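Asker: So you can see what is in the structure, the chains are spelled out below.
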Amino acid sequence: ADTKAKKIALSNNFAGNSWRQAMLKSWDKVTKDAVTKGVVAQAPSFTTSENQATEQAAQIQNMILQGFDAIVINAASPTALNGAVKQACDAGIVVVSFDGIVTEPCAYRIAVDFKQLGAMQIDYFASRGLKGNLLEVRGLAGVFVDDEIHQGITAAVAKRPEYKIVGSVHGNWTQTVAQKEVSAILSTLPQVAAVATQGGDGYGVAQAFKAAGRPTPVIFMGNRQDELAWWKEQRDANKYQTMSASIAPGASTFAFWVAQQILSGAKVPKEMKLPISVVTQETLDDAVKKTEVGSVVNVEYSQKEVIDFIAKAK
Amino acid sequence: MTGIALTNHRGPARRVAMLHALLPAVALALLLAAVFLKQPRAMSYFGINLLLNLAIPVMFATLAQMMILAVSDLDLSIGPFVSLVACIGATLMPEQPVLAVLALVAAVGVYALAGAVIQARQLPSIVVTLGLSFVWLGCAVLLLPTPGGTAPEWLRAAMSWRTPLLPMPIWMAIATAIVGHLLITRSAFGTLVRGLGGNPGAIARAGWNMVRVRAGVYAIAGVFGVCSGLMLVGQATSADANIASRYTLVAIAAAILGGAEFAGGKVAPVGAVIGALTVTLAASFLTFLNIAPDWQVGMQGLILVAVLALRAAIDLFGGKR
Amino acid sequence: MSAADEHIAAPTTAPRWKRLAGNRPWLGSCVAAVLAWAATVWSGHGQGSGDLLTAALAFSAFTVLVSLGQMLVISVGPGNADLSIPSTIALSGAAAMIVMDGSNAMLVPGLLAATGVGVGVGLFNFGLIRLLRIPPIIATLAASLIVMSVAINVGRGLKVKPPALFSDLMAQRVLGIPLVAIGALVVTVLVALMLERTVLGRSIAAVGQNRRAAQLAGLKVERTRLMAYVICAGLAGLTGALIAGFSGGNSLDQGQEYLLMTIAVVVIGGTAVAGGRPSVPGIWGAAMFMFLLVALLNAVGAGPGLRMLLTGVIIIAVIVVASARPAR
Amino acid sequence: MQVSSQALAGEALVEARGAARSFGAVQALRGVDLQLRRGECVGLVGHNGAGKSTLVNILCGALAPDRGDLHFAGRPADGAAWSLREARRWGLRCVFQELSLCDNLTLAENMRIAQPQSAEWAWRKRAGAQLMATLDRIFPGHGLRPDDVVGELPIGKRQIVEVARAFTPGAQPLELMILDEPTSSLDGQAAAQLLAYIRSFVAEGKTCVLITHKLREIFAVTDRLVVMRDGQVVQATPTAETDRERLVSAMGQAVVNDAPQAAAARTRTAGGHAQTVQDVVQVQASTQRGIALHAARGEVIGLAGLAGHGQTAMLLALQEASQHNGKDAMRVEGGTAFVAGDRQTDGVFALWSIARNMTVGWLAQLRARSPLIDLKQEQQQAQQWRERLGLVTPDMDLPIGSLSGGNQQKVLFARALGSAAPVILMDDPMRGVDVGTKRDVYALIREEARGGRTFVWYTTEFDELHHCDRVYVFSNGRVVGELAGDDISEERVVALSFEEAAA
Ligand SMILES: Nc1ncnc2c1ncn2[C@@H]1O[C@H](COP(=O)(O)OP(=O)(O)OP(=O)(O)O)[C@@H](O)[C@H]1O
Ligand SMILES: Nc1ncnc2c1ncn2[C@@H]1O[C@H](COP(=O)(O)OP(=O)(O)OP(=O)(O)O)[C@@H](O)[C@H]1O
Ligand SMILES: O[C@@H]1[C@H](O)[C@H](O)CO[C@H]1O
Ligand SMILES: [Mg+2]
Ligand SMILES: [Mg+2]
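Chains as they are written, first to last, in the numbering used here: chain A, 1 to 314; chain B, 1 to 321; chain C, 1 to 328; chain D, 1 to 503.
It should be emphasised that the hints constitute simulated quantities derived from the structure, not laboratory data.
Certain hints may be false.
Think about it this way: if two alpha-carbon atoms lie no more than 25 Å apart in a straight line, the pair counts; the simulated BS3-like pairs of lysine-lysine are [to be verified]:
{"id": "1", "chain 1": "C", "residue 1": "161", "chain 2": "A", "residue 2": "210"}
{"id": "2", "chain 1": "A", "residue 1": "7", "chain 2": "A", "residue 2": "239"}
{"id": "3", "chain 1": "A", "residue 1": "239", "chain 2": "C", "residue 2": "161"}
{"id": "4", "chain 1": "B", "residue 1": "38", "chain 2": "A", "residue 2": "4"}
{"id": "5", "chain 1": "C", "residue 1": "161", "chain 2": "A", "residue 2": "290"}
{"id": "6", "chain 1": "B", "residue 1": "38", "chain 2": "A", "residue 2": "6"}
{"id": "7", "chain 1": "B", "residue 1": "266", "chain 2": "D", "residue 2": "125"}
{"id": "8", "chain 1": "A", "residue 1": "86", "chain 2": "A", "residue 2": "131"}
{"id": "9", "chain 1": "A", "residue 1": "29", "chain 2": "A", "residue 2": "290"}
{"id": "10", "chain 1": "A", "residue 1": "164", "chain 2": "A", "residue 2": "210"}
{"id": "11", "chain 1": "A", "residue 1": "270", "chain 2": "A", "residue 2": "314"}
{"id": "12", "chain 1": "A", "residue 1": "115", "chain 2": "A", "residue 2": "164"}
{"id": "13", "chain 1": "A", "residue 1": "32", "chain 2": "B", "residue 2": "38"}
{"id": "14", "chain 1": "A", "residue 1": "312", "chain 2": "A", "residue 2": "115"}
{"id": "15", "chain 1": "B", "residue 1": "38", "chain 2": "A", "residue 2": "7"}
{"id": "16", "chain 1": "C", "residue 1": "161", "chain 2": "A", "residue 2": "232"}
{"id": "17", "chain 1": "C", "residue 1": "161", "chain 2": "A", "residue 2": "289"}
{"id": "18", "chain 1": "A", "residue 1": "25", "chain 2": "A", "residue 2": "6"}
{"id": "19", "chain 1": "A", "residue 1": "86", "chain 2": "A", "residue 2": "270"}
{"id": "20", "chain 1": "C", "residue 1": "161", "chain 2": "A", "residue 2": "25"}
Which chain B residues stay away from chain D? Per the calculated CB distances, all over 12 Å, these [as the list claims (entries may be wrong)]:
{"id": "21", "residue": "92"}
{"id": "22", "residue": "106"}
{"id": "23", "residue": "113"}
{"id": "24", "residue": "154"}
{"id": "25", "residue": "158"}
{"id": "26", "residue": "161"}
{"id": "27", "residue": "162"}
{"id": "28", "residue": "178"}
{"id": "29", "residue": "179"}
{"id": "30", "residue": "192"}
{"id": "31", "residue": "196"}
{"id": "32", "residue": "299"}
{"id": "33", "residue": "310"}
A partial selection of chain C residues facing chain B, derived with a Cβ cut-off under 8 Å [to be verified]:
{"id": "34", "residue": "132"}
{"id": "35", "residue": "304"}
{"id": "36", "residue": "316"}
These numbers come from a predicted model, not from an experiment.
Idealized CB from N, CA, C, for every residue including glycine.
Here chain A stands alone, though its shape is the one from the complex (with noise of 0.2 Å):
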C-alpha cells in the first residue's frame, strides 16, 4: 500500500561516540531522500539527553501521542523498554528496533549475530597460528551488547586449550576508557599475545601498549575510522595484520525501510539478521579510502536492497 501519508520516527538513546553519529547521518541522508521523493510523509529522530532507559521509554510514549506510523529504535535496554513498547503496539504503531535490540515480542529485530562477533575474533587469532594469553576489552558492563560478544569470545576460548585470558577491562566501548583501563592492568599481566575488543575501543588499546612500552600484539579491531588509520600506518611501516569488524551504522536505514515496507503491507519475519561488516589486510585500503574522517565503516541500505532482504529472509 501507499505510505506517502506515513509518519516514522527514530527513537535514539545515544549520540555520543563516532557510530552513532554514523548511524544519525545516514538516517538523516536516507530519510531526506525518501520524504523528498513522496515515499513517507515524515521521518524525524529524537535522540534522549542521557543514555536512560527510562528517558527513552517516556520518548517513546511521547511518539505514541504524537501519531507515529511507525518507531524504530535503537535501545537503551533490550528489556527496559518493553513496556513503552507494548503500549505502542496496543495503540497500532509499528515498532522496529535494531542494533540495540528490544526483547518485546510485537517488535520487530535487526541486528548482527553478536556472539559471532565475538568468536570471530578468536577464530581469526588461531587462523594466524597466535597462541597464549589473551586480553578481553568489554563494553558498558550490565548492557546487552557487551554480554553477547562476550559469550561468543569466552565460548570460543573454551573451545581452543591454546588461549587463555589473561585479563579483562571494561573500556565502554570509548577509546580514552579503554586506554585508561589496559593501562591500568598491563603492568600486572605477563606478554600478551592478542586482544580482542567490541569496537570503539581498539585506538586506545594501541595507545595504552605504546605507552607502557610493551610490544604491540594483534589488537582486534572495530571498523572505526581512527583504527584504521593506525592500522594502515602499523602496516606501511612494520607489517602489522589484523581484522576489522563491527556492524555497520547504516542499520539505521535498513531499519527505516523494514518499517516502511510493513506500513505498506508487505509480510516481514520478527528477527532478521544483518551481515558483520567485516574489514580485513586485502580490503583495508579500500576500507580507509572510503570512510570519512571520524566516521565507521559503513554500509546504507536502499529501498530495494531491504525489499531484496526480506524475500530471501523467507
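Go by the hints and put chains B, C and D with the ligands onto chain A.
Answerer: What follows is chains B, C and D with the ligands alone, placed relative to chain A:
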C-alpha cells in the same frame, strides 16, 4: 510596655515564599499547556497517562532524595538503588517472593546503616552515598549481569491498572504529595528531621539519639526507593542494572525545582512531587517540538534553565532585594 | 591584661598517629593509594611495579587537573559543584584539535583555545548561578547539556589527530616520570600557593565556611565564587586538550568518567564537602588511589559486578578509617 | 512536684567534686567543686575562658569530664549514663551560650523538638500554646506568634524564644535551670523581665544558675556567687556579703569604674563637633531612614534603642555603601571594617585557626609589597594582637572553636581594628565579653578614635553609650533622635524609643 510591633520580619518575605511554593505548579502548568497546544490528543485520560506515567517512580525517588536533603545531606546513590530494587523485582520477586522481600529489607537496612555511620562518624554523606552507589550497582550487575528478567504478574497488572476518574499518575501524585506532606511537614518526626537539617547541635542538645534519627531518615528514603524501583519494574516489565542511574540527578533536580534547598533543612514535599512531574515532562517534551537532532540535548538544558529562571523572576518582582 | 598562659597544660595522651592525622585530612587517601599500589604489585604476575606507577601518574595527572578545579568549586560552599566538566572536556578537546589541525606550530594557540573554551563555560555556569539564581548543581547540569550540544555541532563526532609534537610531548618521560604528571604537579603547586598565599585563595576558604561572615569581613563573595567556577572550567578545558593529545585525538565521550570521578577524588582527598577546607595533597592521593584500585581489582580478575561492589565498599572504608571520631 | 520542691528548699541538688576536663593542650577545668541547693539562684562569674561554659556542659551531660564525680539529687550522675537526655529526664535544663534553635522551623516546631519523648496528635497546637504561655508569663508583650519562623526573627527575639522554651514545663520535670549568658542579646527591658522571672522561679524552690558578664544582673538576682578563674572555683560567697570591687578582684581583674573615665574621654569632642570637621559617614534624612546621621573623623557614634529596631540594618547598609560608593543618600569615605556581635553566623570561620580568623580582615595590607601574602608578617601581627588583647590560648594555630565565646569575640575585634579601615562598624560587639576585657576594649576604642578612626557602635548595654560622643536612637527601623554629651542617658534613650514606638 506591651505591643512592640515587630512588623519587619513578616510581609514581603512571606509573599515571595508563597510564590516560590507556587512556582513548580506554574512551571508544570506551562509545560502541559505547551504540550496540549502542540498535541491536543494528549489532553485525554489516555494521553495524560502516557505523558506522565513514567513520572510515578520518579516521584518516589524524589521523595527519597528529599528525605535526605531534609537533613542537609545529599544522596548520590538513589538512582543505582532504584535500579537494584528493579533488578530484584525482575529476578527474585516472581519465583522466590520471600527471598525478594528479605533482599529488599536488607537493602533498606544497609541504607539505614549508612545513615547511622554518617552520623556516628560525622562523615560527609556525599562520599558515603557515592560509595554506596557502586555497591548497589555492583549488586545489581551480580544479580542481573545482562538485561532481562520479568516483573511479577501482579506488579505489571497493578501498574497498568486503569484507575477510575483520573489517570494513575494523577492519583499517584496526589497520594505521594499527601504522604510527603504529612510525613515531612506535619509529623513530629518530620519536624525533628528538618530540625536536624537546620541545626544538628540543637537536636543533640535536646537529647535526641542522633544516630537513630539519621538512620531512620535513610531507612525511610530506602523505603521510598523500594517503592520507586518496584513501580518502575512494573511499568518496564523487566529490568537492567542501569535502568534508573539517571534518577540520582533527576531526583535532585526535581526536589530543588520543587523548592528544596541543599542546606538548612528546607524542603517542600508537595513541590517535590510537582517537580518530579515537571522534570519528567521536560525531558520528553522535545518530541513535541521540531528541533534539529543536534540541538535536542542542549534544548533540555535550556528548558531546565527556563523553568528555574522563573524563580529569579519571582524574586525580582516579588521585591526580594 | 588578664593573660593567663598557665592554661597550657601538659600535652594530652591522644595517640601520636591520631594527632598527626587530625590536621591532615589528605593522609588517608595517600595511605590508601600506597596500599592499593602494593596490593596490585603483589597480586600481579607481571613485569613491574614501576610500569604501574608510571601509568598511574600519567592518568592521575588528568584526574588531578580537573579535580583541582572541582575542589575549588566545592570549597566555596555547600551545594557548589561543577557537573559540566565532562561536556567541557569534550568541547575543549574538539576546539583544541580543530585549532591545531595537526600542525606543530599551532600547539600553543590550540591549548589557549581549549582553556578559553573552558573559561567561557565557567562564565556561563556562573551566569546561570548568579544572574538566574539557579542552584549550582542544577545550573551546571543544564549547562553541561547545552555545552554537549555545542560540542556535537562543532565536532560532529570527528576525531582530529593531534600534531606529532603534541603527541610526543604527551608521551614524554623525564627520569621515568610522565611529562603530563610533572605539568600537573606544577599546576598543583600553583593552586596550593594560590590557596595559601593569595587573597583569592583565602577568600575561597572563607566564603565556603561562612558566606555572610566573609561578606562582612570585606571579602568579595561573588567575585570569589566566579573565580572558582572559571578556574575549574578553565582547568577542565586545558585537560580536554591534553586528553585529546594523549589519546591520539578528541572524542565526544572523552570526559565522561570525570563527573563522578572528580567528586570522588575531591572528597576522598579530604576536602570538606560542605566547603571551606580544600585539601590539595589529597587530590593526588585520591586520584592515584582511584586508578590503582581499578588496576588492583582488574588484576585479581574480579568481574564487573564484584569490582563495583568492592570499589564502593573500599571507598566507604577509606573514608570511615580516615575520619577521626569526634570526642564528646 | 512544685510542693515537694518548695519543701526541699535548701537541700543539695547538685554536687560536683573534682570535675576536670581538658581540650588538647588547654585545661579548661582543673578540678572544680560545686554545690547547688534547691531554691537558690547561683551566679557563675569569671573572665572569658575561665571555664564556665565547660562546667555547664559537664553538668548537663553535653561533655564528659576527664575526672571527678557528679551527683544529682543524691544519685550519682556519672560516666556514660550521664547524657543530655538523662540530665533532662532528671529535671535539668540548659540555655546554652550559643543558640540552640533551628532557624528553619517555627516556634511551635522548635518547642516540639525540645521535648524528646512526647508524642501525640495535634502536637503542633499544644507545643505552640505551651510556648506562648511561657512567653506571655516571662516576656509579656513579646509580639511573637507560634508560626513565626525562627530564621526570620532578629537575634534578640530568638534569645527570648530560647529562654522561654527552656522554661516551658512539658512532660519532664524542671528542677534546675542553667542559663549561660541568656541576656547577651536582650535589650534592657527583656533582660529585666527575665531577671524578675528568675526570682519567682527560685521562690518556688527551683534552682537556677546564671552566667553573665553583666555585674548589674548578678547583684540584682543571685543569692550566691561562684567565681571561677582559670578553670577553678576561686570564691563562693552569698551575694549579700560581697560587692562589685571584691567580686572583680576575685575574678583576677583590677577594680574598674568606667563611667567617670568615659565621661572624661568624651569631653574631648563633646559639644565640640563643629561643622568644619569633615564627616566621613553621612546618611541623609529620609522618611524611610528617619533623621540624618553623620559621623566625623575620630568620633564614636552610638546606635541605641530596643534590640532589633534597625540598628544592624543601618550598619550593613553603611558597609555596603562603602563598598559601592555611588552618589547615594548614604556616603562612607574610605573602607569600613565590621565587628559582628552574632559571631556564630556573622563572624567566625569555624574551620580556621585563631590566627587566620584574625588576619582575614587584613589581607589587603599583608600583600601590599608582593602579590603573595606575607606569612611572616601575618604571624607577627597576629601575635601582637594576641598580646594586645590578652587572648587566652596556648597557640594561635588552634581552631577558633577552642576559644571561649568572649575570646572569640576579641578575635573579631582584632580583625577589624588591625585593618586599615578608617570607619569601624560594631554590631553589639560586647556580647559575652567579660568586664576586664570590656574595659580594655573601651580603652582601645578611645585610643583608636584619638588616632582619627571613626566608630559606629550599636549596643544593647546602656553603660556603653557613655563611651560615645553622640548617640542616635532607633525605633521601628528609623533614626528617631540624636543625643549628645550629657544628654545621653538611659531615660532619654528609653523615652525616645518608646515615643516613636507608641506613635
Ligand atoms: N548572600 C547574599 N545575600 C544578599 N546579598 C548578597 C549576598 N551576597 C552578596 N550580596 C550582594 O551582592 C552584591 C555583590 O556582592 P559582592 O560585593 O561580593 O560582589 P563583587 O562583584 O565581588 O564586588 P564588587 O562589585 O565590589 O567588585 C552586593 O550588593 C552584595 O551585598
Ligand atoms: N571544644 C573545645 N576545644 C578546645 N578548647 C576548648 C573547647 N571548649 C572550650 N575550650 C577552652 O576551654 C577554656 C574554657 O572555656 P569556656 O567556654 O568554658 O569559658 P567561659 O568561661 O565560658 O568563657 P566565656 O565567658 O568567654 O564564654 C577556654 O580556654 C577555651 O578555649
Ligand atoms: O553505541 C554503539 C552501538 O550501539 C554499537 O552496537 C556498537 O558500538 C557502540 O559504540
Ligand atoms: Mg562561655
Ligand atoms: Mg561568654
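Asker: Taking the hints in turn, state whether each one holds.
Answerer: Evaluated hints:
{"no.": "1", "hint": "C/161 to A/210", "in the structure": "holds (16 Å)"}
{"no.": "2", "hint": "A/7 to A/239", "in the structure": "violated (51 Å)"}
{"no.": "3", "hint": "A/239 to C/161", "in the structure": "holds (22 Å)"}
{"no.": "4", "hint": "B/38 to A/4", "in the structure": "holds (23 Å)"}
{"no.": "5", "hint": "C/161 to A/290", "in the structure": "holds (18 Å)"}
{"no.": "6", "hint": "B/38 to A/6", "in the structure": "holds (19 Å)"}
{"no.": "7", "hint": "B/266 to D/125", "in the structure": "holds (21 Å)"}
{"no.": "8", "hint": "A/86 to A/131", "in the structure": "violated (48 Å)"}
{"no.": "9", "hint": "A/29 to A/290", "in the structure": "holds (17 Å)"}
{"no.": "10", "hint": "A/164 to A/210", "in the structure": "holds (23 Å)"}
{"no.": "11", "hint": "A/270 to A/314", "in the structure": "holds (11 Å)"}
{"no.": "12", "hint": "A/115 to A/164", "in the structure": "holds (19 Å)"}
{"no.": "13", "hint": "A/32 to B/38", "in the structure": "holds (23 Å)"}
{"no.": "14", "hint": "A/312 to A/115", "in the structure": "holds (23 Å)"}
{"no.": "15", "hint": "B/38 to A/7", "in the structure": "holds (16 Å)"}
{"no.": "16", "hint": "C/161 to A/232", "in the structure": "holds (15 Å)"}
{"no.": "17", "hint": "C/161 to A/289", "in the structure": "holds (17 Å)"}
{"no.": "18", "hint": "A/25 to A/6", "in the structure": "holds (21 Å)"}
{"no.": "19", "hint": "A/86 to A/270", "in the structure": "holds (15 Å)"}
{"no.": "20", "hint": "C/161 to A/25", "in the structure": "holds (22 Å)"}
{"no.": "21", "hint": "92", "in the structure": "holds (37 Å)"}
{"no.": "22", "hint": "106", "in the structure": "holds (29 Å)"}
{"no.": "23", "hint": "113", "in the structure": "holds (23 Å)"}
{"no.": "24", "hint": "154", "in the structure": "holds (35 Å)"}
{"no.": "25", "hint": "158", "in the structure": "holds (32 Å)"}
{"no.": "26", "hint": "161", "in the structure": "holds (33 Å)"}
{"no.": "27", "hint": "162", "in the structure": "holds (36 Å)"}
{"no.": "28", "hint": "178", "in the structure": "holds (16 Å)"}
{"no.": "29", "hint": "179", "in the structure": "holds (17 Å)"}
{"no.": "30", "hint": "192", "in the structure": "violated (5 Å)"}
{"no.": "31", "hint": "196", "in the structure": "violated (8 Å)"}
{"no.": "32", "hint": "299", "in the structure": "holds (36 Å)"}
{"no.": "33", "hint": "310", "in the structure": "holds (23 Å)"}
{"no.": "34", "hint": "132", "in the structure": "holds (4 Å)"}
{"no.": "35", "hint": "304", "in the structure": "holds (5 Å)"}
{"no.": "36", "hint": "316", "in the structure": "holds (4 Å)"}
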